[in-house]
Structure formats: C-alpha cells, structure tokens
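Sequences and hints are given; from them, build the entire structure.
Chains as they are written, first to last, in our numbering: chain A, 2 to 503; chain X, 58 to 461.
Just so you know, nobody snuck in bad clues.
Quick list of in silico lysine to aspartate or glutamate cross-link-like pairs, DMTMM-like style, CA-CA up to 25 Å:
#1 X:Lys-189 <-> A:Glu-460
#2 X:Lys-393 <-> A:Asp-272
#3 X:Lys-366 <-> A:Glu-298
#4 A:Lys-468 <-> A:Glu-455
#5 A:Lys-498 <-> X:Glu-388
#6 A:Lys-476 <-> X:Asp-397
#7 X:Lys-192 <-> X:Glu-251
#8 A:Lys-187 <-> A:Asp-272
#9 A:Lys-498 <-> X:Glu-214
#10 X:Lys-137 <-> X:Asp-61
#11 A:Lys-468 <-> X:Glu-392
#12 X:Lys-90 <-> A:Glu-494
#13 A:Lys-465 <-> X:Glu-392
#14 X:Lys-389 <-> A:Glu-274
#15 X:Lys-191 <-> A:Asp-462
#16 A:Lys-468 <-> X:Glu-398
#17 A:Lys-465 <-> X:Glu-440
#18 X:Lys-199 <-> A:Glu-412
#19 X:Lys-393 <-> A:Glu-494
#20 X:Lys-389 <-> A:Glu-484
Computed footprint of chain A on chain X; a stretch qualifies when at least three of its residues, placed anywhere within it, have a C-beta under 8 Å from a C-beta of chain A:
#21 162–175
#22 292–306
#23 356–364
If you're looking for bench data, these hints aren't it; they were derived computationally from the structure. Where a beta carbon is used, it is the ideal one built from N, C-alpha and C, also for glycine.
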Amino acid sequence: MKLQTEVLVIGGGATGAGILRDLSLRGIPSLLIEKGDFLSGASGRNHGLFHSGGRYVVSDPEAARECIVENRILRKIAPHCIEETDGLFVSLPEDGLDFRNRFIQACEEAALPALLLLREEALSLEPGLNPDLLSAVKVPDGAIDPFELVLANAKDAEVYGAGYLLHAEITSLVVDGDRVKTVLAKDLLHGEEYLIEASYLINATGAWADQLLKLAGLHIAMALSKGSMLITNQRLTHRVINRCRPPSDGDIVVPNHTVSILGTTSVRLEDAENFEVTPREVSLLIQETSKMIPAIEETRFIRAYAGIRPLFQSGEKGDDRAISRGFVLIDHEKRDGIKNLITITGGKLVTYRLMAEKTSDLLCRKMGVDVSCTTHLKPLPGAEKPSGLKDRLKTLGKVETLCDCELVRREEVEEALREGKLKNLQDILHRTRLAKGTCQGGFCVYRLLGMLNEWELAEGDSNKILKGFLEERWKGIRPVLWESTVKEEELMEGIYKGIFNL
Amino acid sequence: MHYDLIIIGMGLSGLMAAKTAVEAGKKALIIGKGMGCLTLFSNTIDVFGKITETTRLRDDLSRWIYDHPEHPYGKVGVEKIEEALCSFNTFFRPPYTFQSRNETNSLIPTGIGTFRPTYLIPSTMMRGIALKEKKTLVIGFKGYKDFYSQRLADSFECRGTTLSLPESPSTEITATALARWMEQPSFREFIGTEVKKQIRDEELIGFPAVLGVNDPMGVRKDLEKKTGVSVFEIPVLPPSIPGMRIFNRFKERLIQRGVTFLMGYSVSKATLKDKRCEGIEILHPPVTTSYSADHYVLATGRFMGGGLKADREKISDPVFNLPVSQPGSQEKWFEKSFFDEHPIHRTGILTDSSLHPIDEKGELILENVRVAGTILSGHHFLEEKSREGIEIATGYWAAKQALN
Ligand SMILES: Cc1cc2nc3c(=O)[nH]c(=O)nc-3n(C[C@H](O)[C@H](O)[C@H](O)COP(=O)(O)OP(=O)(O)OC[C@H]3O[C@@H](n4cnc5c(N)ncnc54)[C@H](O)[C@@H]3O)c2cc1C
Numbered sequence: 002m003k004l005q006t007e008v009l010v011i012g013g014g015a016t017g018a019g020i021l022r023d024l025s026l027r028g029i030p031s032l033l034i035e036k037g038d039f040l041s042g043a044s045g046r047n048h049g050l051f052h053s054g055g056r057y058v059v060s061d062p063e064a065a066r067e068c069i070v071e072n073r074i075l076r077k078i079a080p081h082c083i084e085e086t087d088g089l090f091v092s093l094p095e096d097g098l099d100f101r102n103r104f105i106q107a108c109e110e111a112a113l114p115a116l117l118l119l120r121e122e123a124l125s126l127e128p129g130l131n132p133d134l135l136s137a138v139k140v141p142d143g144a145i146d147p148f149e150l151v152l153a154n155a156k157d158a159e160v161y162g163a164g165y166l167l168h169a170e171i172t173s174l175v176v177d178g179d180r181v182k183t184v185l186a187k188d189l190l191h192g193e194e195y196l197i198e199a200s201y202l203i204n205a206t207g208a209w210a211d212q213l214l215k216l217a218g219l220h221i222a223m224a225l226s227k228g229s230m231l232i233t234n235q236r237l238t239h240r241v242i243n244r245c246r247p248p249s250d251g252d253i254v255v256p257n258h259t260v261s262i263l264g265t266t267s268v269r270l271e272d273a274e275n276f277e278v279t280p281r282e283v284s285l286l287i288q289e290t291s292k293m294i295p296a297i298e299e300t301r302f303i304r305a306y307a308g309i310r311p312l313f314q315s316g317e318k319g320d321d322r323a324i325s326r327g328f329v330l331i332d333h334e335k336r337d338g339i340k341n342l343i344t345i346t347g348g349k350l351v352t353y354r355l356m357a358e359k360t361s362d363l364l365c366r367k368m369g370v371d372v373s374c375t376t377h378l379k380p381l382p383g384a385e386k387p388s389g390l391k392d393r394l395k396t397l398g399k400v401e402t403l404c405d406c407e408l409v410r411r412e413e414v415e416e417a418l419r420e421g422k423l424k425n426l427q428d429i430l431h432r433t434r435l436a437k438g439t440c441q442g443g444f445c446v447y448r449l450l451g452m453l454n455e456w457e458l459a460e461g462d463s464n465k466i467l468k469g470f471l472e473e474r475w476k477g478i479r480p481v482l483w484e485s486t487v488k489e490e491e492l493m494e495g496i497y498k499g500i501f502n503l
Numbered sequence: 058m059h060y061d062l063i064i065i066g067m068g069l070s071g072l073m074a075a076k077t078a079v080e081a082g083k084k085a086l087i088i089g090k091g092m093g094c095l096t097l098f099s100n101t102i103d104v105f106g107k108i109t110e111t112t113r114l115r116d117d118l119s120r121w122i123y124d125h126p127e128h129p130y131g132k133v134g135v136e137k138i139e140e141a142l143c144s145f146n147t148f149f150r151p152p153y154t155f156q157s158r159n160e161t162n163s164l165i166p167t168g169i170g171t172f173r174p175t176y177l178i179p180s181t182m183m184r185g186i187a188l189k190e191k192k193t194l195v196i197g198f199k200g201y202k203d204f205y206s207q208r209l210a211d212s213f214e215c216r217g218t219t220l221s222l223p224e225s226p227s228t229e230i231t232a233t234a235l236a237r238w239m240e241q242p243s244f245r246e247f248i249g250t251e252v253k254k255q256i257r258d259e260e261l262i263g264f265p266a267v268l269g270v271n272d273p274m275g276v277r278k279d280l281e282k283k284t285g286v287s288v289f290e291i292p293v294l295p296p297s298i299p300g301m302r303i304f305n306r307f308k309e310r311l312i313q314r315g316v317t318f319l320m321g322y323s324v325s326k327a328t329l330k331d332k333r334c335e336g337i338e339i340l341h342p343p344v345t346t347s348y349s350a351d352h353y354v355l356a357t358g359r360f361m362g363g364g365l366k367a368d369r370e371k372i373s374d375p376v377f378n379l380p381v382s383q384p385g386s387q388e389k390w391f392e393k394s395f396f397d398e399h400p401i402h403r404t405g406i407l408t409d410s411s412l413h414p415i416d417e418k419g420e421l422i423l424e425n426v427r428v429a430g431t432i433l434s435g436h437h438f439l440e441e442k443s444r445e446g447i448e449i450a451t452g453y454w455a456a457k458q459a460l461n
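This is the structure:
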C-alpha cells in the first residue's frame, strides 16, 4: 500500500506523539508510525517521576532548568496526568550534609522552590521514613502518568488532522542524493508492506535512533543503559522520596496511584530488544531504597520491569548540534548532507513537549514556514476532568468490575474497544488499568479475552494470546517471587496449568 | 484435650486422614485455617494425567511408580492408592458420585476451551466427555464475569449463548451466588424457559459448574426436565462449587461421626521433645488452648495453604520447622518460561516410606508425626495432574500407618 504525507514521524513514545500534536496544531500534515503500540519504548517503561528539576540541579543545571519550566507548563496543560505530591530529598547520616548544602544553593540559583525540613518535620510528613534521617528538602516533584499523557497527545493530534499507524515498523530508508526518497514499512501483525512518500522525516525512536539511522547509512554515537524498577503492592509514601546525594542506584521511590515504584539501576546493554531485570538489581534496589524507607525490606512486590535510556558520547553531547545537554536534536542536513531528516532523542518524559517544540521549530525553518508553537498554551484533551481513581472508588459495588485489583469497570474497557484501533491485547492493556494491580492480570485478562469473543473482536486463537500474555507477565513477576507473591503464583499456576490445563 | 490423632490442615489430605481415623474408631481433631485449596481448584479427582486415555490407570501407574520410588505415590503403592480412592468414593452416594470411565483417564472440557485428563469425575460432569461427538450449547450468564460461553463455543466449535438474569440485588454475579440461586425452583424455572428458547438441535447443554452446592443432581434433573436436553457442568475459575460439595460432604459426615472440627484456627506453637510432638497450641486472642495426641498428621498444603513459607533465602515449614528440600537460591526457584516445570514445585517435606519426616541424611525427626498431601516433596502435581490423587492417597495412608 502506498501512503503519502508531508511529515513522517517515526516512534510513538512521548516525543513522537508530542511532535505529532505540535505539528498538527501548526497545521502541518503528518503521519506517525510506531512498531508496537504507543508507549512500547521508554515512555511506557520509566519511573513516572514528574521532575521538579531537583534531581539534576547540582549535576546538570541546564537540564534542571528545562525541567523547572516544563514542570510549570505541564501542570497547566496536563493536570489530569499529574499527581502533585511534592518530593523530599532525604539526607541520611552516611550522606553527610555537604551535598545537601550544595543542593539547596543550586535550587536557589535555579529558582527552584526548595524548603529545608528538620528531621521531626520530615517524619511528621512521611512517618515511613528512616527515623535516623538528618534532614529533608522539599521540592515540587510529582508523579506523572505517561499513558494518559501520550494517548492524550495522540488523540489531540488526530483531532487536528494527523494520522498514525501502529504495529508498523520502518524497515528501509531509501536515500537518493541529498534526501530520503522513500520509506518502506511493514505491518507486524498482518505482514502488509507500506511504501511511504514523505517530504520530511523525524526520527523519534529514542534508544533505537541509531538503529533507524543505519537504514539510511548514517550513524550517531550512542550507548544503551538499562534502568530497572520494582513495583510495590501498596503505596509507601505520599511524596516522592529521593536520596540527597549525587544520583546513583536505588535512590528514588515514586508513588503512582495505589503503588510505589522503586528505582533505579544503570547497566550498559548492547541490544535494545532483549533485556530483563536481574536478581542482583532486585537485591540492590531493595537494599538501597530500604535505607530511606525501612518498610521496603518487608514489602510485597508485584512486578519488576526495566526501560532503556540512550546515552550520548561526548561527540554528540554539547556540540553545536545539541541544543541542550538534556536531549539531542540533530539536523542531518548540516551533519550528513541529508536535507529532509531530523533526529530527536534523549531527554525526559517531562521535557517531551519542549523536545517536540524544538524539533517542530527546526522543521518549520527547513520548510520555510513561519508558524509558532502553541502546545505550551493549549490544554490536552481530558485536562478538564479530574483524574481516575476517585471516580473508580465512587462506583465500586454498583457496576461490573473486570479487574478487582484496580477496579477497572467493564464499561471502561467497552469504551476503549468502541474507540477502535486496538489491534491486540497489549493495546487494550495500555489504555486501561487492567493487569496493573496485585494479580497482574491473572484474572482480568482471562475476562478480557472472554469479552473480546463476545464482541467478536477476538482474532486468532484466544488461548494462544492468553499464553503469550502469561509469558509476558511472567517476565515482570519472576524476579520478585518470594513471600506472599509465591502464593499468588501458586494460585495462577493452579488455575492455568491445573484447572484449565493450558 | 487429648486425642488419638490430631490433623493439621483441612484440605483434602487432612479430611481423608480424619475420615480414616474416625472409621478406625479413633478420636480425631482436625484444625484448619480455611477450607484449603479444595474449594479453589478441585472439581474432579485427578490421579495421574501423564498417561494415555486408553490404558488402565492402575497398570500405567504401577509401571511409573516403579521408576519413581521417591514420589509420594511410590511411598504409598498402587494398592493403597486404590484403597484410598475407594474410601473417598464411599462418602458419595448416588446420585452424586465420582466415577472413572473404564478405569482410565477421560478428557473433560474446561472453562477455557481446553480439555483436561482426569480420573474420577462427578456425575454432573460425566456427560461433558461427549462434547466432541454431540451438538452442544454452552450457557453463560450476563454479569458473571468468570465464564464466557462464546469463547468456549469458538474453541469447542459448538454454540454459545449468554442469558440475562432477572433483576438481582447485586450486579456482581459470582459462582457462589449462582449456585445458591440454582437451588431455588423459581430461578430454575426462569433458566429452563430461557434455555429452551435458545435450543435448536443440540443434544447437550453445558453450564458453568454452579448447579447448586447441596443437590446438584436434583438441579440438573430439573433443568433437563425443563429443557428436554442433557445437561453437564464445566469447571471454571476459583472458587470451585464442586470443591465445596466435597468439603461440605466431608465436614457433615465427619462431624456426625464425632471428629472435632476447629475451623479458622492455626497452630501457633508445637512442643517437641525427644523426637516426639508432645502437644500443640492454638492462639485465638486472647485465649491460647493446648491440645495433645498420640499421633499427628501434618497436611497444611503448599504456599497458599500456608504449609510452606518462602522468604527470600529459604523455604520452610512454619508448624514443626521440619527440613524442607531446597531448590537452590531464589533466582533458581522459577524457570524462564511460565509454562516450564519450576524447581520450587518439587520441594517439600522429606519423608521416609511411612511418611515420617526425615532430614537430608535420612534420619527420622519426629516419630509420632506423619506428613500428607501436597506439602510432601518429590512430586509435581501440576505437571503430573495428580493433585487430588496425592492428597487422597497420602492422607489415607498417613492416618492408616499412624493408627496401625
Ligand atoms: C529507567 C528509566 C527511567 C526513567 N524515568 C523517568 C522519569 O521518572 N521521569 C521522566 O520524565 N523521564 C524518565 N525517563 C526518561 C523517559 O522515559 C524518556 O526520556 C522518554 O520516554 C523518551 O521518549 P521517546 O518518545 O523519545 O522514546 P521511546 O518512548 O523509547 O519511543 C521510541 C519509540 O520508537 C519506536 N521505534 C523504534 N524503532 C522503530 C522503527 N524502526 N519503526 C517504528 N517505530 C520504531 C519504539 O517502539 C518506541 O515506541 C526514564 C527513562 C528510563 C529508561
């Protein structure tokens, strides 16, 4: 099939979806292509910290400044994706107070509101903290829901005329002289081939950026770093808890709806596709974070997962092509003589909008059009309604819930199904909170598949899909199987291997 | 209070031990936290699923046992296994009984559209075996989210339909609620009429296994009368109504015969001395009660039942702290694929051939304690499809030997 567009955006993470919205608000026709569902990359596998800038304020003031500005903007345009919890930077006896003093000073210089709390004050705000702590500094950190955020961007872009193609991978970039002339893509679910003609291409593939460029015979120097995280079965603190020391392994605990997420590690990787959380990482995360919150030693975990960050070697970082040290924006016309290709990678979820703005600005200059960005002013769809959990609790007991852990209503899933465009199970799981709770989908995915049959939406063998899901689920659960999760697992095996002989 | 036998654990193995004791004229006490995995997973009696559906189970099993002397079945032996199964069967009088078909395994349809090999089948499920040969209609209920008739119909290549129920007080329809309603004639009247409207040329009707707790055959008969078609039950997600039938039957009969039931309690302390258990304590705050017996059977199940406990380093038995075979460090407990055979499932309490707990060197640990059920080491009931068989055989044999 032949497709034509002005701009082809490659990658359906926060950056790609943000660019798609930015361009469509500027009236530039564009199409996004993503090899999985939205959020299959780092955008769906991160910590969910709504950065205040505190984490970089000492080490990288420029990145911190970007976070500070974007933090304020996102509170206005995407309040429904954000939980304003505040964050504490906790100093433990072994940390001393040197770093804390530098931290406070750096906050002052960056105009980042920071409040020093004494031990008793910190403990009265968060009784779960290590009672031996020396002090804590409060900053406007929060929690962000990447799923809501990315899907809202995509939805709005669609309203303004943009298109997107999911489960389609770019397989070939044909360079002719100084341009990428044609693009080949493949539908990964049905095998269909697309031939795409686009005047401009934006490579927003995050950790896969170099891999994509290789298709055009180009190369950027980047390395991959895996970060692992653990999800607890309950929320441990109200606020984000950071360790007040230079960033290192296991120094942060971010609340997220009804759970907390411990992070993170940093391990070099060769391959962006095959990775898992190792037992060593699990132990390290528990050992380090429990120094801040002792109850973590005894806590039950429901899942482990990891995401990949692209790292840039000095050549790319800080040179004239990199607008900021937080992310990398490359005009391949200047760098490699390819006129219609731009790469944007690195950065943070929190700076996705800024990255989209800078990319779209560059594109507009290349196209010779003069329209300015409005994404910092225009709220995302859904901004007017309050966020989900309270609503869910209100309706408890009155309606049919498909997922008892996360109180996902059957209607909610039906609504997602009605909106269409869902090609497989993962798509539905991304769009609801199904399978995110304690049983990790052990019950509700069975129910979901039953519902799909009722709706005559089931494609192929449901039991094969279920098996595939159970294997995916297993990857996240296997690293945290001890104490009561072993019981939960016995239940699941008893059902699927026992009663159902799957 | 002193007893002949105290049984810790109220799953199928514990219940079988209590039955065996009371039938030998002994005074027995059974203590349990809850109804055990029986009411979650058990529908039929799996004995050994790894054999074909054509040979006699007994023949294949004796061959297999010969090669697996360390398996709980190896310790009990084919003869006693059969004796135990017979003993189980005597608690179920027609019309609701457990039968094998030609003493072989049969494949019964499950609530997910697969077939499962199993041995003793309750009367309400027997006809499901014919599903492949007979035109079948599968019935689901709107709002009952653990059973999807359309999905089954797709897998079984038959027809499925979902009935809307009359206005119910709660919109959450569970297996337990359905089973209760099924016992009401007016509800059956409604279901019968609705199902009849849906029947085209089907000869069989499959329901989720919710046809009442107390008189499933009565419920079935009435539905068959109203629809004119044969009815069978299909095993579904927990809880298991057929499992509750087994539990209730045991409880009723055992209490009648004088077994003391302590349900909702767990052992807080065991006093051990000179290779003997001298007594146990049960804490029910603020009261602690002590009990003693000549013999004890430990039948506390695996992780869900609380028989085994896994902290991050090691697996242990919280009641007697008996040696448990260890599957290595935590990262070795589970394999990479969910569907692999996980080493953790082979762990359990080590015993000698008479089900006495022993240590790694084979040294006897407690001479008046026997171990029964899935807590034993050396089996893999999920892979083998042997859950109920192991429970029934070892529960029976542990009590038999203790009271010999
Ligand atoms: C462990 C970890 C923790 C983090 N924590 C935070 C945090 O707490 N707060 C925060 O703000 N940021 C955090 N980040 C950073 C943030 O997640 C990323 O910066 C952001 O998600 C990047 O988005 P992206 O769209 O650029 O990349 P991605 O989300 O990775 O998107 C790239 C997409 O491109 C697709 N793709 C690749 N190749 C192709 C192809 N050939 N054809 C089609 N599609 C293709 C991929 O499938 C993928 O979906 C964290 C990152 C990691 C790794």
